[in-house]
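Quick note, the sequences are listed as chains A and B, same order.
The first sequence begins at 1 in the working numbering and counts up by one.
The second sequence begins at 1 in the working numbering and counts up by one.
None of these hints come from the bench; they were simulated from the model.
Hints are supplied without guarantee of correctness; some may be wrong.
With a cut-off of at most 30 Å between alpha-carbon atoms, the simulated DSSO-like pairs for lysine-lysine come out as follows [as the list claims (entries may be wrong)]:
no.	chain 1	residue 1	chain 2	residue 2
1	B	LYS450	B	LYS468
2	B	LYS468	B	LYS427
3	A	LYS225	B	LYS31
4	A	LYS190	B	LYS31
5	B	LYS61	A	LYS190
6	A	LYS221	B	LYS20
7	B	LYS204	B	LYS163
8	B	LYS61	B	LYS163
9	B	LYS261	B	LYS61
10	A	LYS225	A	LYS271
11	B	LYS163	B	LYS253
12	B	LYS20	B	LYS35
13	B	LYS31	A	LYS221
14	B	LYS215	B	LYS253
15	B	LYS163	B	LYS35
Model, not experiment: these values are computed from the prediction.
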Amino acid sequence: MRQLCKGNVAVVKGAILAGCQAYYGYPITPASEIAESAALYMPQVGATFLQAESEVASINMVYGAAAAGLRVMTASSGPGVSLMQEGISYLAGAELPCVIVDVVRGGPGLGNIAPEQSDYFAMVKGGGHGNYHNIVLAPASVQEMADFTGLAFELADRYRNPVVVLTDGFVGQMMEPVDLEFREATVPDKPWAVRGTSETRPNLLTSIYLEPDELEMRERKLEEKYRLVREREPRHELYQTEDAEILLVGFGIVSRLLRSAVETARRDGLKLGLFRPVTLWPFPSEALKQAASRVDRVLVVELSNGQMVEDVRLALDGDVPVEFYGRVGGNVPSVEEVLEHVVGGLTPKETA
Amino acid sequence: MPEEISVTAQTSEFELTHAKSAVFYGLYERKADLKHRTHYCPGCGHGVVHKLIAEAIEDMKLQDNTILVSPVGCSVFAYYYFDVGNVQVAHGRAPAAATGIKRACPDKIVISYQGDGDLAAIGTAEIIHAANRGEKFTVIFVNNAIYGMTGGQMAPTTLVGQKTTTSPWGRRPVNEGFPLHMCELLSTLEAPVYVERVALSDNKNIMKARRAIRKALEIQRSGLGFSFVEILSPCPTIWGMEPVDARRWVAEKLIPAFPLKAFRDAKPVLPPDTPPPIRPVPEVLEIAGESTHVARKSAHQFQEMKIKIAGFGGQGVLLLGQILAEMGMREGLEVSWLPSYGPEMRSGSAHCHVCLSEQRIGSPLISQPDVLIAMNEISLRKFAPSVSPSGLILYNSNTLPADFEAPPAHIACVPASQIADMLGSAKVANMVLLGALLEATGSMSPETAKRVIADKVKRVELLEMNEKALETGAQYVDKEAWAEAQPDGFPY
Chain A
1 MRQLCKGNVA
11 VVKGAILAGC
21 QAYYGYPITP
31 ASEIAESAAL
41 YMPQVGATFL
51 QAESEVASIN
61 MVYGAAAAGL
71 RVMTASSGPG
81 VSLMQEGISY
91 LAGAELPCVI
101 VDVVRGGPGL
111 GNIAPEQSDY
121 FAMVKGGGHG
131 NYHNIVLAPA
141 SVQEMADFTG
151 LAFELADRYR
161 NPVVVLTDGF
171 VGQMMEPVDL
181 EFREATVPDK
191 PWAVRGTSET
201 RPNLLTSIYL
211 EPDELEMRER
221 KLEEKYRLVR
231 EREPRHELYQ
241 TEDAEILLVG
251 FGIVSRLLRS
261 AVETARRDGL
271 KLGLFRPVTL
281 WPFPSEALKQ
291 AASRVDRVLV
301 VELSNGQMVE
311 DVRLALDGDV
321 PVEFYGRVGG
331 NVPSVEEVLE
341 HVVGGLTPKE
351 TA
Chain B
1 MPEEISVTAQ
11 TSEFELTHAK
21 SAVFYGLYER
31 KADLKHRTHY
41 CPGCGHGVVH
51 KLIAEAIEDM
61 KLQDNTILVS
71 PVGCSVFAYY
81 YFDVGNVQVA
91 HGRAPAAATG
101 IKRACPDKIV
111 ISYQGDGDLA
121 AIGTAEIIHA
131 ANRGEKFTVI
141 FVNNAIYGMT
151 GGQMAPTTLV
161 GQKTTTSPWG
171 RRPVNEGFPL
181 HMCELLSTLE
191 APVYVERVAL
201 SDNKNIMKAR
211 RAIRKALEIQ
221 RSGLGFSFVE
231 ILSPCPTIWG
241 MEPVDARRWV
251 AEKLIPAFPL
261 KAFRDAKPVL
271 PPDTPPPIRP
281 VPEVLEIAGE
291 STHVARKSAH
301 QFQEMKIKIA
311 GFGGQGVLLL
321 GQILAEMGMR
331 EGLEVSWLPS
341 YGPEMRSGSA
351 HCHVCLSEQR
361 IGSPLISQPD
371 VLIAMNEISL
381 RKFAPSVSPS
391 GLILYNSNTL
401 PADFEAPPAH
411 IACVPASQIA
421 DMLGSAKVAN
431 MVLLGALLEA
441 TGSMSPETAK
451 RVIADKVKRV
461 ELLEMNEKAL
471 ETGAQYVDKE
481 AWAEAQPDGF
491 PY
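Model the full assembly from the supplied sequences, consistent with the hints where possible.
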């Protein structure tokens, strides 16, 4: 049944449909409705909900539940996610699957609670210590908040890795119809888990390897896993790219603005196309390269001072000029503003 | 006494001459070398504590059911030795991780093994809150008043005057504060069932420690609640003492500072608990019910309608937007509702953006609304200039402000708050405006509005008032509301 639902609430509904068994978290605007809905729904389906004393504790509760083989999640926003970074590194190091939702807010420090996409580096490039990657999904609608949370659990279990759903205050706070369908979730076997049984007694979950050779082997093994993920899991969405002369690139809520910009521009005869990375790690570099192969230039728009643009430039490697337009502080550019920037960037010949 | 099993290494590489519990591995294969012995220094208390725990697990037949959580500190490698399920965790976070494990496996035995830096410094919040929640696991807290693994820095339990590498002049309370007494702290909480401090100063005290560990595990096995055993323990290497002197130092210095005692040995009194009901998933997630889709007789007259609603907090701005979005959804449209949120809302003004469209919605953010519903003057002044020239402004008043420069849009003044007051509640002003909007634009059916409202408002008299508000708004806008000069080409 289609229902009108808030993005943050959809996260929890998607999680429960994916068989999430435990939620540990701490409130923070603009992510609090995730904890609130988890508190309301999880116990009613026999799952655990606990409000922890801090994000530091939440992520370590997640670590414990994941070690015991549960499908488990937490959610927060920038400042809280900063506190979780140590735990995320441990989860990656011990190869424990879990889902972390980051409803990004504005600024460094306390900033504000308005939307930004400025946690891109923190979640996509690391944030915690050491050689590791999170798998990062970027929903752009309320439906995707539910669907990607479910997908996140699958990917987490498939690769024994933390998966981040990176979204922002707008997608978290907005309401849209979602179509949710119940089917019995299949949680895969986890023979590596520690469950206090004779079969799992020999199991050890740890991230400490004192011997350099041993740790190097361990990190090589992780890298091999990441290579597989890079090969298999990049996801993206194209809109009107076939004959595009200018390619707009944006993720999450920005991809929605850019979609409108493409529509508006095409009504005026300006051939814009949209490339939307759906996975931020692995970054869909190959697909982007292809989509950008026939365009004159690329404009990356972000609610940051320019983070994903680095991955776009790496992917395109100088083949096409890449420009950047960003707004921060919770300001979100209007369609008109983006188009002004597009036209402003055109040479007289191109506008003629 | 537990039955001790003599273990002889199968490989015959090493000859083991001591007896040890079967809860220890025969050979410590997880170690890089010297697999027949532990990494602990001679005279270290960890060996004794390990042995007491292993023997308790063995005697209580818990080996297959135990999960040991190793901390950061000298005992980071406890999993080298204990042949049970093992999870190693971040510094200080063992009580949080153990919470996640125990709640996942409530009928298993979970032991959080922690040192003083781990538990009483970096992990203070985690241990206090785990204890306060009455988590049903056991914490073994080894207190040797120093950081061992990192080589002798000050611990939260370092004694006043005690020299360490980071308190080279002796611990000075004016600078570093006093030693933390964890048992005393935790026993101020209501939830813990068992909190006791013991010591490894001599054999008699070791036997008391043995009993305390068994009691803690027994409490956990019975599901009674949180159990905590602090063990004052020698660290001869870092203290710079012979093992025998180190034991004596425990007796002469540590015990006077940290008195041995059962601080708590009682079940907490819990109020009666009503757990939430367990219901089928589709019901809980509200995905089971009848479809609310409304079949429309004729197609919508618009491809897309962008509505901005603004006013004071408490005027039902956000709710009005939600009702419009819900109506659009039920009439088969794509919809989005985007609120202002947070401090802005709390400081007294609120607005939201509602998009209704026949197609997939791009930006949910509206820069040029087709319709502005301004519930107060601030909103009118702020947002009216952005309204599409062919758009509509509904203003909550019977007249425009005298100095207001009207933009080239249609403007209807509807004194919704006054009408709502007359109907009996200021709260239905938003419904007056909804009625006016539906009448002025014909965008969606008033019947759909009534159904949506009926689903949200359960009290009959309130429902009637809401419906009356809808109707009055519609009548008013039909007859009286239009500001004078209206542009041509009204699209709806």
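Hint check:
no., hint, verdict
1, B/LYS450 - B/LYS468, "holds, 10 Å"
2, B/LYS468 - B/LYS427, "holds, 13 Å"
3, A/LYS225 - B/LYS31, "holds, 26 Å"
4, A/LYS190 - B/LYS31, "holds, 25 Å"
5, B/LYS61 - A/LYS190, "holds, 25 Å"
6, A/LYS221 - B/LYS20, "violated, 36 Å"
7, B/LYS204 - B/LYS163, "holds, 29 Å"
8, B/LYS61 - B/LYS163, "violated, 43 Å"
9, B/LYS261 - B/LYS61, "holds, 28 Å"
10, A/LYS225 - A/LYS271, "violated, 40 Å"
11, B/LYS163 - B/LYS253, "holds, 13 Å"
12, B/LYS20 - B/LYS35, "holds, 15 Å"
13, B/LYS31 - A/LYS221, "holds, 20 Å"
14, B/LYS215 - B/LYS253, "holds, 27 Å"
15, B/LYS163 - B/LYS35, "violated, 34 Å"
Consistency with the previously given hints fails for numbers 6, 8, 10 and 15, ordered from lowest to highest.
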